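A.B. asks: Following the hints, position chains U and B against chain V.
As a plain string of letters, each chain reads:
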Amino acid sequence: MNRHLISAGDLAKDDALLILDTAEELARVSERSIKKLPTLRGRTVVNLFFEDSTRTRISFEAAAKRLSADVINFSAKGSSVSKGESLKDTALTLEAMGADAVVIRHGASGAPHRLATWVRGSVVNAGDGTHEHPTQALLDAFSMRRRLGGLDGRRITIVGDVLHSRVARSNVLLLATLGAEVTLVAPPTLLPVAVGTWPCEVSYDLDAVLPKSDAVMMLRVQKERMNAAYFPSEREYSRRYGLDRDRFAKMPDDAIVMHPGPMNRGMEIAAEVADSPRSTIVEQVANGVTIRMAVLYLLLGGETVA
Amino acid sequence: MIIKNVRILGGDPVDLRLHDGLIAEIGPGLTGAGETVDGGGAVVLPGLVDLHTHLREPGREDAETVQTGTQSAARGGYTAVHAMANTSPVADTAGVVEQVWRLGREHGHCDVQPVGAVTVGLEGRQLAELGAMADSAARVRVFSDDGKCVSDAVLMRRALEYVKAFDGVVAQHAQEPRLTEGAQMNEGVVSGRLGLTGWPAVAEEAIIARDCLLAAHVGSRLHVCHVSTAGSVEIIRWAKSKGWNVTAEVTPHHLLLTDDLVEDSPVGAYNPIYKVNPPLRTRADVEALRAALADGTIDVVATDHAPHPVEDKETEWSAAAMGMVGLETALSVVQEAMVDTGLLDWAGVADRMSAAPARIGRLPGHGQPLEVGAPANLTLYDPSGRTPVDPAAFASKSRNTPYEGMTLPGRVVATFLRGRATVLEGKLT
Amino acid sequence: MSESRPESRAESRAVLEGPDIHRALTRIAHEILERTKGADEVVLLGIPTRGATLARRLGERIEQFEGVKVPVGSIDITMYRDDLRLKPARPLGHTELPPDGVDGKIVVLVDDVLYSGRTVRAALDALNDLGRPTAVQLATLVDRGHRELPIRADYVGKNLPTAKSEKVKVFLQETDGREAVLLIKEAAK
Chain V
1 MNRHLISAGD LAKDDALLIL DTAEELARVS ERSIKKLPTL RGRTVVNLFF EDSTRTRISF
61 EAAAKRLSAD VINFSAKGSS VSKGESLKDT ALTLEAMGAD AVVIRHGASG APHRLATWVR
121 GSVVNAGDGT HEHPTQALLD AFSMRRRLGG LDGRRITIVG DVLHSRVARS NVLLLATLGA
181 EVTLVAPPTL LPVAVGTWPC EVSYDLDAVL PKSDAVMMLR VQKERMNAAY FPSEREYSRR
241 YGLDRDRFAK MPDDAIVMHP GPMNRGMEIA AEVADSPRST IVEQVANGVT IRMAVLYLLL
301 GGETVA
Chain U
1 MIIKNVRILG GDPVDLRLHD GLIAEIGPGL TGAGETVDGG GAVVLPGLVD LHTHLREPGR
61 EDAETVQTGT QSAARGGYTA VHAMANTSPV ADTAGVVEQV WRLGREHGHC DVQPVGAVTV
121 GLEGRQLAEL GAMADSAARV RVFSDDGKCV SDAVLMRRAL EYVKAFDGVV AQHAQEPRLT
181 EGAQMNEGVV SGRLGLTGWP AVAEEAIIAR DCLLAAHVGS RLHVCHVSTA GSVEIIRWAK
241 SKGWNVTAEV TPHHLLLTDD LVEDSPVGAY NPIYKVNPPL RTRADVEALR AALADGTIDV
301 VATDHAPHPV EDKETEWSAA AMGMVGLETA LSVVQEAMVD TGLLDWAGVA DRMSAAPARI
361 GRLPGHGQPL EVGAPANLTL YDPSGRTPVD PAAFASKSRN TPYEGMTLPG RVVATFLRGR
421 ATVLEGKLT
Chain B
1 MSESRPESRA ESRAVLEGPD IHRALTRIAH EILERTKGAD EVVLLGIPTR GATLARRLGE
61 RIEQFEGVKV PVGSIDITMY RDDLRLKPAR PLGHTELPPD GVDGKIVVLV DDVLYSGRTV
121 RAALDALNDL GRPTAVQLAT LVDRGHRELP IRADYVGKNL PTAKSEKVKV FLQETDGREA
181 VLLIKEAAK
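Protein chains in written order, with our numbering: chain V, 1 to 306; chain U, 1 to 429; chain B, 1 to 189.
None of these hints come from the bench; they were simulated from the model.
Values in this document were obtained by computation on a predicted structure and should not be read as measured data.
No residue lacks a Cβ here, since even glycine has one placed at the ideal position from N, Cα and C.
One should not assume that every hint holds.
[Claimed, not checked] Below, a list of computed lysine-lysine pairs in the DSBU-like style, where the Cα atoms sit at most 35 Å apart: (1) U:K148 - V:K223; (2) B:K87 - V:K65; (3) V:K65 - B:K69; (4) B:K185 - V:K35.
[Said to hold, decoys possible] In silico negatives: residues of chain B with every beta carbon more than 10 Å from chain V: (5) R27; (6) R56; (7) T95; (8) L130; (9) E148; (10) P150; (11) G177.
The shape of chain V in the complex, shown without the other chains (with noise of 0.2 Å):
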């Protein structure tokens, strides 16, 4: 493992795996009454929020804790930070409050990596502007290969907005990493100009990837697109690339369907899919925690890297 989880695709294939079997070792801890363990006594989280995500925050929050690390919450509204102190300000000032590690969500790309080049700590991102996710992609791949038994092979299935997502970007990385087949849905507005050099498929016609997808990831479809022309209205992407009941239908029978949340019911998915018992939605968020508990273990729980 890296010093720090930036993006998804410096994870090697065993370094994926040792996350997920480590969070799956994890996850028993969750079951347990007492949900603590002693392992980061002593160790400084920094969760360095520059983006409202409560959920996010709340997740790595909770890991950390259940680990026994401190966490020092730092969000960027009333804070220095929004009096227009600079990002290495911060970064030097966590410094010197000594944190082992600084989780960062950021609006802008490359954040994280301009962040590691100023802290000794590790730096995990937890959401750069349009660039990475690599958490959720490691609670998506986490939830998938419980639910699915394992992902080499598998045909997954990622549908919407990839150009601005990073939960997309990420999920490619990780999922082809661990050698399954990803897809990508989207009209053509919404895929970057190069995708054609990532490592997976590319389709512009969702009915004929679901009956062959072992998975389907819905993305978030941010309203705001609209106005720029992405597509022209929100009925025609629903009609289009939205995951409603009689496609579902047409998924394989044990398939399943994703969603990083939160989720536009009705837009990108509807919201009987989003309910099934086929959904995972709702056991992506607990997984959030455990996933996190791993990569903070493995970051944070063995010897400090000078």
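C.D. replies: Then chains U and B, alone, in the frame of chain V:
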């Protein structure tokens, strides 16, 4: 003054006698009274002329001043620079251009030729008083909204037509604004992976194509700033083949660096030291630009020297300023990209970095052939050896060079402005 | 215990062979039955990797001898170690409690080698988070001495005097494909 043992455009060793700001005598074994400088076999080029420099004064003296910028230019072998208009206040009146011109004269490290803004405040709405700037003491001939594109087709047409009255030229920063909203880096394989908003080549090429057609239509001169794509080269080649009066420049960094440095470089991913407008492109673009500079499709190497203070670069990528300093590394980069690759000889370098920019900028006394009676604006350059780039040694106030830690060939030994040394032994006099 | 091969310059000697291990476990199984008066409330918890194997074998023997089915599980102590910061993060072992848990039971912790006692200390901590046994006992195949904590074994297969510079390695069929306990003397460096 006698300069011993130099090679004119890399030819056989000779001596030069300078007198009254002119080259007085060229020949072997010159002797006589006065100061003698040993050229040590250096290549002599006509003093370099930069068609595209940001001196930042007035307004951003924390990044650069006319004094430090021209010192940086002299260190890089330049005897004249065109100071871009995007200062604060904008150089859109006779008053501002004269101020910059006068500051250049006072400091005396190289000639400063102000560029005038095309539109008031670079806002792209109303023509600036181009004639007043042309008629001022600064006698402005190059007009540019550089940093911003004159995207309004009607305004661009009018500007092209209007400057004909005083033999001016519009230097266009070709960037279609709608296609580059929020753009961060070249749109391609790397931008897709990094999740940075793409800056498509077509945003540059579409404007260049339109402007070439406009210039042809109204019979005007057009100069294209910092060409960065293979497609732009094709369009300019086509326009020139039609006999249209179009010239173009390329920066040293677009001749050497590519967009994959944003993802993978010795200074880490997303390091804004590589953030520049227009963005670094692909290897194929670099090859096309080199070929175009070699065959004359691109006329000029211009630095687009863009100083920024540390705090504007030590940030996350999207928050960082765009631009790189370039005056003190330009000649070495051109040697690396063009001379050492066999694409250009020293006569070619003299043309692309001195004669052609002086001609396009209508700058008298610069870019002249190195012959008796010509102004003694000279650059002595030793192409042997390679040295690591050390930003701390720059004369520029800013350090935002993409070459830090890289080893580049050659060094400027001396620079002479009208017979007076501005740089000797690589140091400012 | 890692299964790394003895280095070429190291000298190793088998202190227990397959039949010795078999006999030692049989004896421990009998002792557990005796000490716990029939092992009715006993839960065997092995410390991965080889302790878990030994716990399974003890459970099988007790069932053979008395027909009592003793619940067997494993308890990973990695997250409770006091030396985590001395090495890169380690992969976790498997924790598997019997369905009825450990509350009110007599837990017998099983490990292959008892040395400093730190592993057992970690196991006690881990156990504390899993429930409240009425008593905790300790079984080990080899006690090699050099305790650093006030911990002793209730059941010992073999007391083996060692020097601190020596290593003790346990090989079991299930994990290593052979049965032996080796005492390894490192050659002088």
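A.B. asks: Now look at each hint and say whether the structure bears it out.
C.D. replies: Verification of the supplied hints:
A C-alpha spacing of about 30 Å is found between K148 (chain U) and K223 (chain V), which places the hinted pair at or below 35 Å, so the restraint holds. With a C-alpha separation of about 22 Å, the suggested pairing of K87 (chain B) with K65 (chain V) holds against the 35 Å cut-off. About 39 Å separates the Cα atoms of K65 (chain V) and K69 (chain B), which puts this hinted pair outside 35 Å; it is violated. A distance of roughly 42 Å separates the Cα atoms of K185 (chain B) and K35 (chain V); the hinted pair therefore is violated under the 35 Å criterion.
Distance check for R27 (chain B) against chain V: the nearest CB is about 33 Å away, which clears 10 Å, and the non-interface claim stands. The Cβ of R56 (chain B) sits about 19 Å from the closest Cβ of chain V, beyond the 10 Å cut-off, so the non-interface label holds. Distance to chain V contradicts T95 (chain B) as a non-interface residue, since its nearest Cβ pair spans about 6 Å, not more than 10 Å. Against chain V, the non-interface label of L130 (chain B) is violated: not every CB pair exceeds 10 Å, the least being about 7 Å.
Distance to chain V confirms E148 (chain B) as a non-interface residue, since its nearest Cβ pair spans about 19 Å, more than 10 Å. The beta carbon of P150 (chain B) sits about 20 Å from the closest Cβ of chain V, which is more than 10 Å, so the claim that it is off the interface holds. A cut-off of 10 Å between C-beta atoms confirms that G177 (chain B) is not in contact with chain V; the least separation is 23 Å.
Of the numbered hints given earlier, the model fails hints 3, 4, 7 and 8; all others are met.
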